[in-house]
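There are 2 protein chains.
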Amino acid sequence: MAAIIDEHSVGIVETKYVTLFEPPNELRLDSGERLGPITVAYETYGKLNKDRSNAILLCHALSGDAHAAGWHSPHDAKPGWWDVMVGPGKGFDTSKYFCICSNVIGGCMGTTGPSSINPRTGRPYGLSFPVVTIADMVRVQRELLRYLGIETLLSVSGGSMGGMQVLQWAVDYPDMVRSAIPIATAAQQSAQGIAFDVVGRRAIMSDPKWRGGNYYAFNDPPVDGLALARMVGHITYLSEASMRRKFGRRLQDRERYGYDFATEFQVESYLYYQGDKFTQRFDANSYLYITKAIDYFDLTNGKRSLAEAFRNVRAKFLVIAFSSDWLYPPAQSREIVAALKANNVDVSYCEIESDYGHDAFLLEVEEQRKLISNFLAAVAREFNVSEPE
Amino acid sequence: MAAIIDEHSVGIVETKYVTLFEPPNELRLDSGERLGPITVAYETYGKLNKDRSNAILLCHALSGDAHAAGWHSPHDAKPGWWDVMVGPGKGFDTSKYFCICSNVIGGCMGTTGPSSINPRTGRPYGLSFPVVTIADMVRVQRELLRYLGIETLLSVSGGSMGGMQVLQWAVDYPDMVRSAIPIATAAQQSAQGIAFDVVGRRAIMSDPKWRGGNYYAFNDPPVDGLALARMVGHITYLSEASMRRKFGRRLQDRERYGYDFATEFQVESYLYYQGDKFTQRFDANSYLYITKAIDYFDLTNGKRSLAEAFRNVRAKFLVIAFSSDWLYPPAQSREIVAALKANNVDVSYCEIESDYGHDAFLLEVEEQRKLISNFLAAVAREFNVSEPE
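For the protein sequence lines, the chains are A and B, in the order given.
To convert, note that position 119 of the first sequence is 194 in our numbering; the numbers rise steadily by one, no gaps.
To convert, note that position 28 of the second sequence is 103 in our numbering; the numbers rise steadily by one, no gaps.
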């Protein structure tokens, strides 16, 4: 398989890197620790208009990266993670808008994280990397925008953990954000969500190859633990109905039960494949840090209510949830909507009927395309946002 | 804490053992393999009446054992696993009925399983133990009843995997079973249920201390893997609502986030505790075998429909499900009810409103007590079952 580059594709793109927060201007994190320098991997699609008012920030989920759209090479098997939604004529129409996506801090896809070299020691940070939060991720993105000369976001959007960043943006930088599109997300990680993350982290940390996080020198990373963590994750991304339709109780390469412990159910084979594939591209320590950031996420923390947390929000909102998403169920999106409305924020809510579960945010393309492109067009009209030249 | 032995307790009880299927009369398993001898651990409560018609078989779930009710010693911290439901004046009223509970084959609580000594080698079976099914568990129970001189069951009941055994009993021994009370169960393990079990098994099998199942000689069992498996299980036993109420996002022994990877959420502490506690009483290989039996369970296998599977059923049914159980959701119980009705089986269905999730089958006591005792009284009346002398 090779790249499909048609008139709706952003084409061949390249990840760029910039180093920010050089000492003595380190980033001050929520934990109180200071971190710098921080290299940020990012990509951009489309052109900035002349008054720099058509920028849209795209925020990725747990396992995502800066490569949201297009292809890195004509030989790539797959395009960027949100390619269905980002390109000329798509939901985020790159013929009109300048889209930016960056890898989060703590990640392992080019932005500084636990697998990066600590310049003070010359060795990978490992667990000496400071714990980061969703707000810290947003601080780094804000600095990237400053570097790019962007002081206003026409919109900020993302699903799952990306949606958490969207909410954090609207709260922390109300004057910069004209609109926000949080998708399949929540204003706080639920106890059940924490529970699944706890299992994932324990799986990694009880793998002897994890070695207290200092596995980088051994060329033998904790793949069993990371694969297990990913398998648990995948169960939460699918609905019971989609699992039933996709796999049911069907056997893989067998006509009947083998009465042994070899892989035999299709769902088993799928989970093993997803788990093992993930270990080839993701760092186990980054999985610890990013899930921890998700578990810490709670906009009501230190507030009396979510409505109070949203008090300074000025962005217009389009909130999207999916009926069968049980990781971030629609009820959590409705809480966001209610709290925004309590602040007289202009908010549209759409609950899309889908049995894909949490994964729907990447799979239910058509309805989201229309919703997002219409919403963005209205915001662009309201703020007289010109098209790029 | 010590035993509470009141007028509703069966009091101090003792687990008994019997060895069945002595060669050359080995049990022929679903897999085609033959196994014997098989030692069975069992307990009984109450007295058999003179025409031996008041016997009730209680079937335990994944992590249960033969100790369903009462206390093994006055110093026990906890009674048997279904003590709330089994005793004089309780749901299964031991002043009227003779209740039997045995540990399943493949288990590790006294009945032959992978941790038992293989008499042919003098060493524990480990993974040379044959894979067993729910139907195999039922075959062993049927032989235990023969040994006890019981040819008719007034009822057979159990929750979760216990409920699967109940269904299998009604299908395989229709002439022996006068009534059946499957609780919080399903006629087939769902794809999602298989998926969670797959994760649990993989956690155990990727623990280096599992050693291909031959860990018994090392006094160093795969506790990390088994604890992880149990943690995943516990998440599926609770509902999102019960987790929110029980733990929410509250921290354990901390006022604020620690920004580290120590245990800090209450739900995290709970899961660790449950996982670690489980490893002190349960054998990792038994976890593999029993979850595999659950995953294989599918009454429709080889049939055109569940209704066809139930074609010879003669027992009256009381089917109980819980509104927030997402491991064996009410919809799966309603499928059982519909398939029984298609065969003109006399079936009552009760969906109990509860937010305890799957655990509700052990926690929602009052309503189940009434349902079960009324149902049993009606069956006993219909069959002129006398009280024991």
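Calculated from the structure, these hints are not laboratory results.
Treat the hints loosely; a few may be bogus.
One copy or any two copies: either way a pair holds, since identical chains are not told apart in the list.
Simulated pairs of lysine to aspartate or glutamate, DMTMM-like, Cα-Cα distance not exceeding 25 Å [what the hints assert, rightly or not]:
#	residue 1	residue 2
1	K284	D351
2	K125	E426
3	K321	E410
4	K91	E101
5	K284	D295
6	K378	E330
Checklist entry - Among the hints numbered above, which are violated by the structure, and what are their numbers in rising order? => result Per hint list: single violation, 2.
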